[in-house]
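Residue numbers for the sequence shown follow numbering that gives the first Met the number 0, beginning at 0 and rising by one.
Certain hints may be false.
What the hints assert, rightly or not - Derived EDC-like pairs: lysine to aspartate or glutamate, alpha-carbon spacing no greater than 16 angstroms straight-line:
#	residue 1	residue 2
1	K13	D143
2	K39	D107
3	K110	D143
4	K2	E100
5	K110	D35
6	K13	D69
7	K110	E124
8	K2	E51
9	K2	E52
Everything labelled a hint here was simulated from the structure, so no lab data went into it.
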Amino acid sequence: MSKEQEQVLCINRKRLPQSWVSRRTVLPMHFYTFADTCTKAGFSFVRRGIAEEDRQKKQIIPYILLQTADGSMTAAYNRQGSEKRLHELWSIGIGGHINPEDTAMETDSFKNILETGMQRELDEELIQRVTGDPIEFIGIISEDITPVGSVHMGAVFLIRTQTPEGYLPGDELHRFTWHATQTLCQLDLELWSELALELTNSLNPAL
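Build the full structure now, drawing on both the sequences and the hints.
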């Protein structure tokens, strides 16, 4: 199936809180609040070729960060994947679109669909990971500044690990390396990574 024919999870932006879809959104949030609001807003799978051109829809993307347990180091990679508009930028977020394959049954909850898609993305992007490390939902990011951002919303998850060497990248995570979190701003980061860093810093103001 081509990228344009792929079915992706979307929510009508008019049914989301205005604070979620501002020009530049960084909101710490509990997972229950996010999932409950999205459920009430209503979600559907839309052909990606259509969704990418429709600013009235927000495609929901799990965006997963890897950090050491103390938050001092963060994994980053250089984008070389299918989204050519992000090529050569650095990213700290692993993730991608949620598809119908992440739905076990038609009655699956938004929460279950998102968690299934998030786990699938980790399995696809990493050839090895520490399965015992907790995965925490920390909030959402969104922006209407770039063409990519205007049609997507990031559901940000954070993995904190005592064993960063236990994470090995697949081919899509080009030049995957661990960086001092404080020096990430020296990289040419995609905007979503800047927003995600702002979100994590709000949880760890000392870093």
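Does the alpha-carbon distance linking K13 and D69 stay inside the 16 angstroms limit? Outside the cut-off at roughly 38 angstroms; violated.
K2 paired with E51 [C-alpha distance capped at 16 angstroms]: holds (11 angstroms)
Are the Cα atoms of K110 and E124 separated by 16 angstroms or less? violated (21 angstroms)
K13 paired with D143 [C-alpha distance capped at 16 angstroms]: Distance of about 14 angstroms is within 16 angstroms: holds.
For the pair supplied as a hint, K2 and E100, is the alpha-carbon distance within the 16 angstroms limit? Satisfied, since the Cα-Cα distance of roughly 15 angstroms is no more than 16 angstroms.
Taking 16 angstroms as the top limit, are the C-alpha atoms of K2 and E52 close enough? Roughly 13 angstroms separates the two Cα atoms, so the pair holds.
Within a Cα-Cα threshold of 16 angstroms, do K39 and D107 meet the stated pairing? Holds, at roughly 14 angstroms.
Hinted pair, alpha-carbon criterion (16 angstroms max): K110, D143. Please report holds or violated. violated (25 angstroms)
Holds or violated: K110 to D35, with C-alpha atoms at most 16 angstroms apart: Between K110 and D35 the Cα gap is close to 8 angstroms, so the pair holds against 16 angstroms.
Of the numbered hints listed earlier, those contradicted by the structure are 3, 6, 7.
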